[in-house]
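2 protein chains.
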Amino acid sequence: MRVCEKVAEIRSVVRELRRSGPVAFVPTMGFFHEGHLTLMREARRRFPSVVVSIFVNPLQFGPAEDFAAYPRDLERDLRLARETGVDAVFAPARTEMYPERPCTFVDVERLTGVLCGRTRPGHFRGVATVVSKLFNIVQPDAAFFGQKDAQQLQVIRRLVEDLNFGLEIVAVPTVREADGLAMSSRNMYLSPGERRAATVLYRSLQVAREAILGGERDLSAVREGLAAQIAAEPLAQLEYAEILALPDLTPPHATDKELLLAVAARFGRARLIDNVTVTIGEKTET
Amino acid sequence: MRVCEKVAEIRSVVRELRRSGPVAFVPTMGFFHEGHLTLMREARRRFPSVVVSIFVNPLQFGPAEDFAAYPRDLERDLRLARETGVDAVFAPARTEMYPERPCTFVDVERLTGVLCGRTRPGHFRGVATVVSKLFNIVQPDAAFFGQKDAQQLQVIRRLVEDLNFGLEIVAVPTVREADGLAMSSRNMYLSPGERRAATVLYRSLQVAREAILGGERDLSAVREGLAAQIAAEPLAQLEYAEILALPDLTPPHATDKELLLAVAARFGRARLIDNVTVTIGEKTET
Chain B
2 MRVCEKVAEI
12 RSVVRELRRS
22 GPVAFVPTMG
32 FFHEGHLTLM
42 REARRRFPSV
52 VVSIFVNPLQ
62 FGPAEDFAAY
72 PRDLERDLRL
82 ARETGVDAVF
92 APARTEMYPE
102 RPCTFVDVER
112 LTGVLCGRTR
122 PGHFRGVATV
132 VSKLFNIVQP
142 DAAFFGQKDA
152 QQLQVIRRLV
162 EDLNFGLEIV
172 AVPTVREADG
182 LAMSSRNMYL
192 SPGERRAATV
202 LYRSLQVARE
212 AILGGERDLS
222 AVREGLAAQI
232 AAEPLAQLEY
242 AEILALPDLT
252 PPHATDKELL
262 LAVAARFGRA
272 RLIDNVTVTI
282 GEKTET
Chain H
2 MRVCEKVAEI
12 RSVVRELRRS
22 GPVAFVPTMG
32 FFHEGHLTLM
42 REARRRFPSV
52 VVSIFVNPLQ
62 FGPAEDFAAY
72 PRDLERDLRL
82 ARETGVDAVF
92 APARTEMYPE
102 RPCTFVDVER
112 LTGVLCGRTR
122 PGHFRGVATV
132 VSKLFNIVQP
142 DAAFFGQKDA
152 QQLQVIRRLV
162 EDLNFGLEIV
172 AVPTVREADG
182 LAMSSRNMYL
192 SPGERRAATV
202 LYRSLQVARE
212 AILGGERDLS
222 AVREGLAAQI
232 AAEPLAQLEY
242 AEILALPDLT
252 PPHATDKELL
262 LAVAARFGRA
272 RLIDNVTVTI
282 GEKTET
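So the protein sequences, as listed, match chains B and H. First residue of the first sequence? That's 2 in our numbering, and the numbers climb one at a time after it. First residue of the second sequence? That's 2 in our numbering, and the numbers climb one at a time after it.
By construction, these hints were calculated from the structure, which means they are not laboratory data. A virtual CB, placed ideally from N, CA and C, is assigned to each residue, including glycine. Where hints are given, some of them may not hold.
Said to hold, decoys possible - Cut-off 16 Å, straight-line C-alpha distance, at most; resulting in silico cross-link-like pairs (EDC-like, lysine to aspartate or glutamate): (1) LYS7(H) x GLU97(H); (2) LYS149(B) x GLU225(B); (3) LYS149(B) x ASP219(B); (4) LYS7(H) x GLU243(B); (5) LYS7(B) x GLU97(H); (6) LYS7(B) x GLU97(B).
Said to hold, decoys possible - Covered by chain H, according to a simulated footprint, are these stretches of chain B (three or more residues, beta-carbon under 8 Å): (7) 32–46; (8) 73–79.
What the hints assert, rightly or not - Quick partial rundown of chain H residues pointing at chain B, CB under 8 Å, derived from the structure: (9) CYS104; (10) ILE138; (11) ARG159; (12) PHE166; (13) THR280.
Generate coordinates for the entire structure from the input sequences, incorporating the hints supplied.
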């Protein structure tokens, strides 16, 4: 496995890899858990070559957010990537990605005015900008993203379409702990009590999904139930609980078939997000 | 010469061309004059393959600007491109470039707060967005731009650097009529009287450059003289006359070596721009 710190280096490694066929790309912020490894394994299974980037992107963190505290363990990450059969890792320093104060930013409008886009101003600008940079550096044939970051996934799909990046976006289902908690590098911030409390996110999402699948069409009532169940957990500080239509993240109408149920809440210093999607059939009038 | 209207088509033509070596790209809005042809000839001279795009990009025109009136003559353009030895022309319809109302925009900040960026809000967002799209579609090894659009050139250089587009930007000197008027598709809007009056732009720029080369270091006096000379032309409506440091388009300091002298003015319904650059030596105290 090749490990590259420089843009020029990874470009030339990818050029080589491309000779054996299409190249898959898994952009990450490192500190790998099963979610990351599943992305890499999926990429490995479907493509002859897999490139992974590890970069904690300062541009997507707000001034009051956890950029400095964000967990990092490059050595362990490299070992895990190697064991998973990754061909090359791009792990640039901050100065390699941003040699100067950047002037250029990529904005994905509309899709970013809701959910995390509302509570983390500038976050998706940072994501869209760094992902554009990484796509230009690696020029992959496909890029793999987790469904865990549902809004990010839609933003990147739209970015790829609007800016004509010639690559396929592959979404991979959220990987969960045995009790349902979505895997996240930020779970390490949780105290044992907060760790138990955090399971309320997935539990309440499942209840809401079951209600819709069971025929409930009053989505604001479902949304309120979802919010109330999380708010009832003493260690949870609810940030949002929303039901939106996919893929545009717009308020849902009776004709929408694909819904996203998405939540964000703080448990101590950990800000966690989770989501499920629901496909609904024709609304039957009975 | 291949003429492609579809993104998928030009992608596959470029893939073929790339087998014979690096590909040069000349993005244009069509209605070719000697300036465009010089870009193509330069590209032809330096690269084995040349791709030209012809697309009047609605995104870079303000609501009160001349998008609808902007001159178009695709047949003549294709003939001229063929005669110049261009390998492929990409001439997409508006719906091919913007199949939906776009969500994604590329902004180059700071550099766009001056000159045309101030008087044409949204213009450089439109330019940076369409150029990003075209770069992603064509994936050239080099792209050729005219020095005539000096601010656009700096914006695109910065875009390429910040977003890691792996290509070289080649600047080509402004091509002028015998009397010095910079070639522009918008010169066709000029009445004979306005056409004569418009020569004031280059004449006044030359006077200002000569003053600086002659040792004048009071740049605000030079700038005021430049503005006054244009304002004195009855058919000219001055928009701006500025002296800025290259490459960042910041207010010039005594230590700056590369200056841009840039002007914009209306003559009837034609809004024209022009510029010269000046390289100054060490300031000598005498």
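Taking the hints in turn, this is what the structure says about them:
Annotation: proposed proximity of LYS7(H) to GLU97(H) holds, straight-line Cα distance about 7 Å (limit 16 Å). Our distance criterion of 16 Å between C-alpha atoms is broken by LYS149(B) and GLU225(B), whose separation comes to about 22 Å. Simply put, LYS149(B) and ASP219(B) have alpha-carbon atoms about 25 Å apart, too far for the 16 Å limit, and the pair is violated. Between LYS7(H) and GLU243(B) the CA atoms are separated by roughly 39 Å; this puts the pair beyond 16 Å, and the hint is violated.
As the CA atoms of LYS7(B) and GLU97(H) are separated by approximately 36 Å, the hinted pair breaks the 16 Å bound. Restraint check: the Cα-Cα separation between LYS7(B) and GLU97(B) comes to about 7 Å, which is no more than 16 Å; the hinted pair holds. With 0 residues having a beta carbon nearer than 8 Å to a beta carbon of chain H, the segment 32–46 of chain B misses the requirement of three or more and the stated coverage is violated. Under a criterion of three residues with beta carbons nearer than 8 Å to beta carbons of chain H, the stated coverage of the segment 73–79 of chain B fails, only 0 such residues being counted.
Among the interface hints, the one on CYS104(H) holds; its C-beta lies about 5 Å from the nearest C-beta in chain B, closer than the 8 Å criterion. A least Cβ separation of about 5 Å between ILE138(H) and chain B falls short of the 8 Å threshold, and the interface hint therefore holds. This hint holds: ARG159(H) has a C-beta 5 Å from the nearest C-beta of chain B, less than the 8 Å allowed. For PHE166(H), the suggested interface contact is upheld, since its CB lies about 5 Å from the closest CB of chain B, less than 8 Å.
A distance limit of 8 Å between C-beta atoms decides the matter here; for THR280(H) the minimum to chain B is near 23 Å, and the interface restraint is violated.
The structure shown violates the earlier hints numbered 2, 3, 4, 5, 7, 8 and 13.
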